[in-house]
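Participant: As a plain string of letters, each chain reads:
There are 2 protein chains.
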Amino acid sequence: MAAWGQRLAGVRGVLLDISGVLFDGAEGSGVPIAGSVEAVARLKRSRLKVRFCTNESQKSLGDLVRLLQQLGFDISEGEVTAPAPATCLILKERGLRPYLLIHDGIRSEFDQIDTSNPNCVVIADAGESFSYQNMNKAFQVLMELENPVLISLGKGRYYKETSGLMLDVGAYVKALEYACGIEAEVVGKPSPEYFKSALQEMGLEAHQAVMIGDDIVGDVGGAQQCGMRALQVRTGKFRPSDEHHPEVKADGLLPMSGDREGVQGTAGADPCFGQRMCHPRAVGSVSGCCC
Amino acid sequence: MAAWGQRLAGVRGVLLDISGVLFDGAEGSGVPIAGSVEAVARLKRSRLKVRFCTNESQKSLGDLVRLLQQLGFDISEGEVTAPAPATCLILKERGLRPYLLIHDGIRSEFDQIDTSNPNCVVIADAGESFSYQNMNKAFQVLMELENPVLISLGKGRYYKETSGLMLDVGAYVKALEYACGIEAEVVGKPSPEYFKSALQEMGLEAHQAVMIGDDIVGDVGGAQQCGMRALQVRTGKFRPSDEHHPEVKADGLLPMSGDREGVQGTAGADPCFGQRMCHPRAVGSVSGCCC
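Heads up: the protein sequence lines correspond to chains V and P, in order. Quick note: the first sequence uses the working numbering, first residue 824, plus one each step. Quick note: the second sequence uses the working numbering, first residue 824, plus one each step.
Because the hints were derived from the structure by calculation, they are not lab data. All the given hints hold, so there is nothing to weed out.
You can't tell identical chains apart in this list, so a pair holds if it fits in one copy or across any two.
With a straight-line cut-off of 25 angstroms between C-alpha atoms, the simulated DMTMM-like cross-links for lysine to aspartate or glutamate are:
1. LYS1072 with GLU967
2. LYS983 with GLU969
3. LYS960 with ASP1065
4. LYS960 with GLU1000
5. LYS983 with GLU967
6. LYS1072 with GLU1000
7. LYS915 with GLU967
I would like the entire structure built from these sequences, with the hints used as guidance.
Facilitator: Pasting the structure below:
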């Protein structure tokens, strides 16, 4: 594989996934991934543009940013691209009244949305609210519609909390798609609209940006489909089998701090990688290496 | 379409689905579909062999048969092919210790199965037990295994209760398949093993048997794949769109009693159909017409 400087040549901005890259969530809270607070600070001091790109759909944008600030991150709501606000725009534009299969933590994002007499379903990472009763209600709403519309905030397979891997919204989307014989419209990663919107906010072209995430399909594959470069971290939901994914190959793999196998195996002889790119300082080292 | 006598020539046995064909379930009970008790009685008086073929996985076989007997059906446990006993055989043969994602009503079927330190997941129509917590536990068990094994009792999309359409196990199977990147092994309709086992019990070849069910894929498609003929009833989960299914076409459609459109549209000028095949008496009329 080419040296890091070559692989990241021309990068002027970094899109950072949040969960599994900056922190691991836990019930109502979370734990920063070691070194990530400093990495974000270093990145923001550099000449690179930075945008946070999340599919978080259990917490409102405000609650998520407050949590990250409490954990020490330099972040504000205006720097985050998240799926709920984009979903509200779509609902209003198309006159859609959703049955909301969502977590109570994000319900406030939909305060201005008419949910009477539903003519579509919006599904997000509902967590414990993915009860049989709620899933069946969503199913029945869809089956009653002549043209069923299912809008999903992301399609992740799972994510990582401190307690372990957790089923994500994508699994439940597949359940409804199969039961109803339909295909969901995805708002959020890996949809091209999501990445284009983030790039627009940054004022960058795809070839000028690099995505850093822990999801080989949603982050890496989605960004690459849009013409970006994309690196996968070895934290969060990363699993060794991701390195042999049948369809997606990251432009680089960022090993965990002290992970010698990863450093040697992935970065080869590139001294810059060995010294600076050890994840979780990876995000900061992009500025050190390339700008 | 050919006349009914021609389409059912050489039939020596009938495989009858239960839910949606004989009765519609309700919380802990059920309601016979009008005329079906008499139809089963007439069929059993004929020279045709009869077997009941169900994917029922909320109730034990004993409970299901007792309920049907209470509703007036002439049925015994030995006449029913159901997925739970077949699953127990597979588990024992392969030394599998399942995490059971099932309804409490069927748990007794697995009394003799070792469930310690699970090395596979068995999923059935768990109903209200499809909580996020239980689904996540099944997911975590599978993700911990080097060779994850997911065994599903059927893969139905939905079924009908008196209160409406209900999500079936197939939807939740798709969720786990997507999250874990695996494919489930299906015990029950539409797996070929299931139909072959039922035919073996009847001592018939596939071309000598007709399946009658309400599921265009699980009943009709599955049976046809095995070389049987298959009729769909217009009760249970039947929906008009089934008539235009992209992959499966029933050998006949059995309209509801008094459904003139159905009689005229489907059966054409066949007087035998018009007089006797009006579903729900359809199952009885096979004997009247063809034997």
